[in-house]
Amino acid sequence: MNRAEEIIAIVSEKKKIEVNELAEMLKVSSVTIRKDLDKLEARGILHRQHGFAVLNKQDDINYRLAYNYDLKRKIAKKAAQLVKDGETVMIESGSTCALLAEELAYNKSDVTIITNSCFIASYVRKAESVKVILIGGEYQKDSQVNVGPLVKKVISEFRVDKLFVGIDGFDEKRGFTGSDITRCDTAQTMMAAANQTIILTDSSKFEQIGVVSEFAFSAIAKIFTDKGIQANKKEFLEQKGIEIVTV
Numbered sequence: 000m001n002r003a004e005e006i007i008a009i010v011s012e013k014k015k016i017e018v019n020e021l022a023e024m025l026k027v028s029s030v031t032i033r034k035d036l037d038k039l040e041a042r043g044i045l046h047r048q049h050g051f052a053v054l055n056k057q058d059d060i061n062y063r064l065a066y067n068y069d070l071k072r073k074i075a076k077k078a079a080q081l082v083k084d085g086e087t088v089m090i091e092s093g094s095t096c097a098l099l100a101e102e103l104a105y106n107k108s109d110v111t112i113i114t115n116s117c118f119i120a121s122y123v124r125k126a127e128s129v130k131v132i133l134i135g136g137e138y139q140k141d142s143q144v145n146v147g148p149l150v151k152k153v154i155s156e157f158r159v160d161k162l163f164v165g166i167d168g169f170d171e172k173r174g175f176t177g178s179d180i181t182r183c184d185t186a187q188t189m190m191a192a193a194n195q196t197i198i199l200t201d202s203s204k205f206e207q208i209g210v211v212s213e214f215a216f217s218a219i220a221k222i223f224t225d226k227g228i229q230a231n232k233k234e235f236l237e238q239k240g241i242e243i244v245t246v
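Residue numbers in the sequence shown follow numbering that gives the first Met the number 0, run continuously in steps of one, and reach 246 at the last position.
To be clear, the hints were calculated from the coordinates, so they are not data collected in a lab. Just so we're clear, the structure is a prediction, and the values are computed from it rather than from any experiment. It cannot be assumed that every hint is accurate.
Unchecked claim - Keeping only pairs whose Cα atoms sit at most 20 Å apart, straight-line, the calculated PhoX-like set for lysine-lysine is: (1) K233 x K221; (2) K125 x K76; (3) K38 x K15; (4) K221 x K161; (5) K221 x K232; (6) K38 x K26; (7) K140 x K151.
Said to hold, decoys possible - Here are the computed distance ranges between Cβ atoms for each label pair: (8) E12 x F157: 34 to 44 Å; (9) K239 x R158: 17 to 27 Å; (10) A3 x Q207: 26 to 36 Å.
Where a beta carbon is used, it is the ideal one built from N, C-alpha and C, also for glycine.
Using the sequences plus the hints, can you model the full thing?
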């Protein structure tokens, strides 16, 4: 774990911590920590407030990005191995999906990302080798995604091999679930434009049940998650024909 990841882990745990205390914990100068925090703030992961490093609000996608950051980054790096240089992929919204986009943007060549996530488009905007096609529509402020009929109309013009998505929960009876009906509907439209749909999620989501049914088990080809997934749930999903990759 590099120093930036250590900072994210500490601030995620404490929610708010003095910059000087953070410097002492990591055995570096306050000047060095401030430079690290400037970079993290520029990425929208944390922010500074009167000498403190502070986690973003829980309903903000930046907060979700910081939560379990190290695990999500490992999941994203593993999933990125599926994507070849020069490939076009579709990426829906979500914090782990944003880290996948970052991995592709900075460590692959000539990848094109089609997304409805304004956050993802902004997150990788400085990468020179990636092309981003941002699908417009009704803008949801908290999740920073575009949804609705305009997105659905444009998506129908595309065809890709891989769609990467996040989930909010899991239900053995209903499949994979979300928390917003319009986002779920948009994600299902994106799924229809892809040969295979791949879920990226940390294992905590398998302990939650979202309110809206999003993907049937039969719609999912593969799941990238961490080793925290319970053995009985992993076995259940594998029996449904889904490949589970853990990090």
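Hints, one by one, checked against the model:
no.: 1; hint: K233 x K221; in the structure: holds, 12 Å
no.: 2; hint: K125 x K76; in the structure: holds, 19 Å
no.: 3; hint: K38 x K15; in the structure: holds, 17 Å
no.: 4; hint: K221 x K161; in the structure: holds, 11 Å
no.: 5; hint: K221 x K232; in the structure: holds, 14 Å
no.: 6; hint: K38 x K26; in the structure: holds, 19 Å
no.: 7; hint: K140 x K151; in the structure: holds, 19 Å
no.: 8; hint: E12 x F157: 34 to 44 Å; in the structure: holds, 41 Å
no.: 9; hint: K239 x R158: 17 to 27 Å; in the structure: holds, 25 Å
no.: 10; hint: A3 x Q207: 26 to 36 Å; in the structure: holds, 28 Å
Figure legend: structure checked against the earlier numbered hints; every hint is met.
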